[in-house]
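Asks: Sequence:
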Amino acid sequence: MTQFVVFGTNARGYLTGAFPDGRTPLEYLVERIEALREIMVDNGVELAPVALVVLPSAAEPADALRHDPYRVIRDSGDGAADLFRTVENEIAPGVEQIVWLDLDGPFFRVDLAWYLYRLHTKNWCDYTFADGFPEGYAAQVLRADILGPLAALADNGETPRRRTALFDAVSSDINAFDVETEAAHVDWALLRASLTVDNRSNAMLCHRLVQRGVANHHLRDTPNPEYERFPDEDDPLLRVLLDEPTIRRTLPRYYQVQITERMTQRPYWTPWSDERWAPAKEQPESMPIDSWRRVLQAIAEVTPEATIAIGYRGEPAEHPEIVGVLKVADEYPDLSFYVETNGVHWSDAATEALCGMNNLAAVIVYLDASDGERYSAIRGSTDEYARAIAFVERMREQTPGIVYVQATRMTDNEDDLPSFYKYWNGVPGVTPLIEKYNSFAGTLPDRRPADLTPLDRPACVHLERDLVVLFDGTVPMCHQDIDRTRIRGNVLDEDIETIWARGAGDFQDHCTGRYGSICKVCDEYYTFNL
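For the sequence shown, the working numbering begins at 820 and goes up steadily by one.
It cannot be assumed that every hint is accurate.
What follows is a list of derived Cβ distance ranges for each label pair [what the hints assert, rightly or not]:
hint, residue 1, residue 2, range
1, Gly1220, Val1340, 26 to 32 Å
2, Ala1180, Pro1086, 21 to 27 Å
3, Glu853, Asn1348, 20 to 26 Å
4, Asp1312, Tyr1240, 42 to 48 Å
5, Asp840, Glu1063, 16 to 22 Å
6, Gly1220, Asn994, 31 to 37 Å
7, Pro888, Glu1063, 36 to 42 Å
8, Leu1349, Asn1043, 33 to 39 Å
9, Ser1166, Asp974, 41 to 47 Å
10, Leu1349, Asp964, 32 to 38 Å
Since the hints were derived computationally from the structure, they do not count as laboratory data. For clarity, every value in this text was computed on a predicted model and none was experimentally measured. For glycine and all other residues, C-beta sits at the position ideal for the given N, C-alpha and C.
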């Protein structure tokens, strides 16, 4: 017997908001589920009722689907391990295979789901997934009896309850499972598009796809998975995402906010080591608490589920009211916060406030070296290295799983990076990151050990998804515009949507191969934050 598990990552109101054609994302999803169930029944597959796994607070989808063949299962939301155990305990007796779908993915591909199911059952796999597609597009298939082992792996790795929970758990010990993958002909995942309604930005994209008339599912005779790959090149929905890139620029998803100009370190390989970009005043400026609250309120009104990074062009711990800054941030539970820091000067009170944030998504600590001697040459003294390591240790003890240590890859430290990565990859609760060197559009010498730029230049990901806010509310063109050559506006004076719209022309220029003076020599266009 086979059962559908429809997994709800959250309970946003976007599920029941109408698209331009009057139908809701939930109605689109149910239509596809019914179409897939019909195909499977017609092919002799015995189906159990659909299990709708939602958080305890989820009301709208649970109320709308409180009828046959749907059965609502309440999940604690504590993590992936509890999720897997809940599903294992609540699925119908005799279920052998599970088709795993996203509750907030209204446009999942029905015939691809059927193809993956056949691929899975013909090859007697433990877990089958499709790679290279946008989020929300492809189902996952698994054997029900691996839920217990997955829960154990999620326990060990502290895997969070999120859309990728299945893949995260399987990949943590991938050799323990028989895994089958169907790769897309075109790597659609490079577009960074998500066909979900989990936030306002993605819901707006889905809205636009309905407007274009490409959201209705079209069934075709699926090829035999034993001999043929699934055809995805001519899917109208995917083609629009690729051929009309401006449709993907909806609203900002990632904000870099400069809460202070103060810096305790000015590494030689950053612009901040040059007096040209040092603060004009002896006492560098910081964003007042009331302005910080106004900025967050403006962001929350337009993009309530956005991610905000603090640490751009300034050390957060040096803000004179950093405890208050963090407490104000915690007043916006739907926003997520990244803190980028050198980890050197965090007081006990500031560290306690940081660890106490309920919406803290990541703490990224700049180390750039595997030992104190290297650190001293690149960032500061060995005493500072010891303080940074102590900060990492404290954070990983109190906030494991969201602590990252970062090194910038450049010719100066290329030989040290293997040691850096190997050591931190073995430390529980910490993830190492290797950042690409940034010359800030040719402002700095080229220290790249390798040229990673794509052969075909895509439109800038940052112009598509990011917004930078300086300590006085000013919004420059992007994080590379360190001289403020192109000011979009000021979030303390204007609404964010108006300011964001002013960047549409620059993004359109990129789509047609036209680049301004900064963009022409910039190689950050293919990097991404979210």
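Asks: Each of the hints needs a verdict: does it hold here or not?
Replies: Right, here's what the structure says about each hint:
no.	hint	verdict
1	Gly1220 / Val1340: 26 to 32 Å	violated, 38 Å
2	Ala1180 / Pro1086: 21 to 27 Å	holds, 25 Å
3	Glu853 / Asn1348: 20 to 26 Å	violated, 38 Å
4	Asp1312 / Tyr1240: 42 to 48 Å	holds, 44 Å
5	Asp840 / Glu1063: 16 to 22 Å	holds, 19 Å
6	Gly1220 / Asn994: 31 to 37 Å	violated, 23 Å
7	Pro888 / Glu1063: 36 to 42 Å	holds, 37 Å
8	Leu1349 / Asn1043: 33 to 39 Å	holds, 38 Å
9	Ser1166 / Asp974: 41 to 47 Å	violated, 34 Å
10	Leu1349 / Asp964: 32 to 38 Å	holds, 35 Å
In this structure, the hints that do not hold are numbers 1, 3, 6 and 9, in rising order.
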